[in-house]
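Participant: Chains as they are written, first to last, in the UniProt record's numbering: chain A, 1 to 298; chain B, 1 to 321.
Derived by calculation from the structure, the hints in this document are not laboratory data. You can take every hint at face value.
With a straight-line cut-off of 25 Å between C-alpha atoms, the simulated BS3-like cross-links for lysine-lysine are:
hint, chain 1, residue 1, chain 2, residue 2
1, A, K26, B, K131
2, B, K28, B, K85
3, B, K215, B, K131
4, B, K131, A, K288
5, B, K71, B, K85
6, B, K131, A, K23
7, A, K288, B, K215
8, B, K226, B, K215
9, A, K288, A, K29
10, B, K215, B, K232
11, A, K29, B, K131
12, A, K288, A, K26
13, A, K288, A, K178
14, A, K200, A, K178
What the simulated footprint calls covered on chain B by chain A, stretch by stretch (three residues with Cβ under 8 Å from a Cβ of chain A suffice, anywhere in the stretch; the number is not a length):
hint, stretch
15, 24 to 30
16, 134 to 141
17, 146 to 152
18, 262 to 272
19, 275 to 281
20, 295 to 302
The C-beta atom is built at its ideal place from N, Cα and C for all residues, glycine as well.
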Amino acid sequence: MEMKAGTIKSEEKSLAGYTVIWKEFKNDKLALVSLFLLAVILMAVYGISLMKDVEDIVKVDFLSIYMPPSGEHWLGTDYGGRDIFGQLVIGTKNSFTISLCITTITAILGLAAGLTAGYFGGVIDAIIMRMIDFIIILPLLMFVIVFVTIVPNYNIYAFILIMSAFLWTGKARLIRSKVLAEREMDYVHASQTLGTPHWKIMLVQILPNVSSLIIVNFTLNLAGNIGLESGLTFLGFGLPESTPSLGTLVSYATNPDVLQNKWWIWVPASVLILVLMLCINFIGEVLKRSGDARQRRG
Amino acid sequence: MWKFILRRILGMIPQLFVLSILVFMMAKAMPGDALTGRQMDPKADPERIAEQRVQMGLNDPVHVQYIRWIKNIAHGDWGVSYTHKTRVTEVIGDRIWNTVYLAFGTLLITYLLAIPLGIISGRWNDSWMDKAITGYNYLGYATPVFIFALLMLFLFSFTFALFPAGGSVDPYIEPGTFSYVLNKINHLVLPVMSGALVATVTTVQYLKNEIIDTKTRDFIRTARSKGIPDSKVYSGHILRNAFLPIAAFLGYEITGLVGGSVFIESIYSYPGIGQLFVTSVMLRDFSVVTALVMMTSFATLLGTLLSDIILSAVDPRIRIE
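Build the full structure now, drawing on both the sequences and the hints.
Facilitator: Listed below in structure tokens is the structure:
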């Protein structure tokens, strides 16, 4: 009986949550535009990459090196005669997919660590927190770069794992501090007295109450990870060459000639990174406001 | 207070220990050792190399090697760079001041921008100026440093030719003269601005939130009802409260700059430790890489320690936990 009451309550709450979020979007034109733009970009990118053959795009064609934009090549070609527009599509797809993977893995890791540390407290909390304190002080860029170079058989999966290994800590810390406050609430004490198993209290009762924090953090991190991934690829320590990212196209600009005279190679990719990050950030702001009644506009 | 500092420093010891083990294992996992370069030499006798390997203790058990490594570091011996053919300390010593200038320049500009912008944004909340600053904040928050630095390079160096595109000083200028200093500053402008214009947004946002938060407190209402003029309320009451944490973040800020220098120094080919790190990784010069990773991590540890100490001096609540 009690469980049933609990589920009904949570259903009502999540329903209200969607309405609140939608209201917030309607009251923020910029966020609405961002949502629309992001949806269009992603649909276009995933749609085109389904239809177009990757091999065809990265095919070297020495007869059309460094061609400016034209009807045949919408955004011109690079030093190998490869179509920039096609590379842009593949790059966006790779950058977004990989950042999404990293963000999801770090969210799960951070959630698990944060929930456990915050809920149990004591020794478990101390151990997890010391680990987090340690990882957080490491200079992220340097460690990722070194790991990327020393890992044997380096590929995308290795990159995702290396990045995730360093990026879960901030989330874990954030969730832990929220759970610490949450566990002192009466509903948790009541469940504990009733003998509800710990995992159930954590996943069924506390988790929904920290979900808005997780969602907001997820969006903001997604934007940050796109920047970080493209930045590392730009330096040459990100995605391997077989999987071009947006950073790959920007990295051509390290050649002064490309930077100065061949804008069509690096400008579109740079703008796209900026647009993606801005859109995701604006959406994140709306979600943040929806989660905090004091900041709402709707 | 002293108890807190002592406890904080004692807490650093296990962190340092784990850090040294991690870096040592990384160094071991890197391909090649001090003699790999010699192995390529056809004139070198393989037996002689094997002998030297034993002499240098490269075949010893791992923990013996680890202790020797730590001892050497304690004596300031980081080994020899394989590409530069000199001691690692010398290679880094040549570059480290450039990064220090870059970091302090960036820090200076960051605060010079952030403090007035944050105050305007917090004091005249929801005015058109606040809206403009908030817009800039959104943009700065979403812009990755490397793209912004490329854009600055493209605009102010290539298109308008106002500043040099790379290096830290022109080669023909006599060191020690006034024009040498000016030339160095001229080379610093673009890298510093690229870092500062992006880094400033977090401080602006923080200061703004802090001011808005303090504005509604009871003691401010008391001050106003006593008839203290608005400007005095801000300078004496609100800003004093808002500034303290910002001063305390200095340590974190510095450590962030050292990490961020990797992008900016690479783009402007500015000969600091960030650029040295990237080129050393590419050239597989791992003795330099190991030293840089260890030194930067250690600097980060010290930076966080500094921030924690200032923060605890400023805000006694932190000491309790």
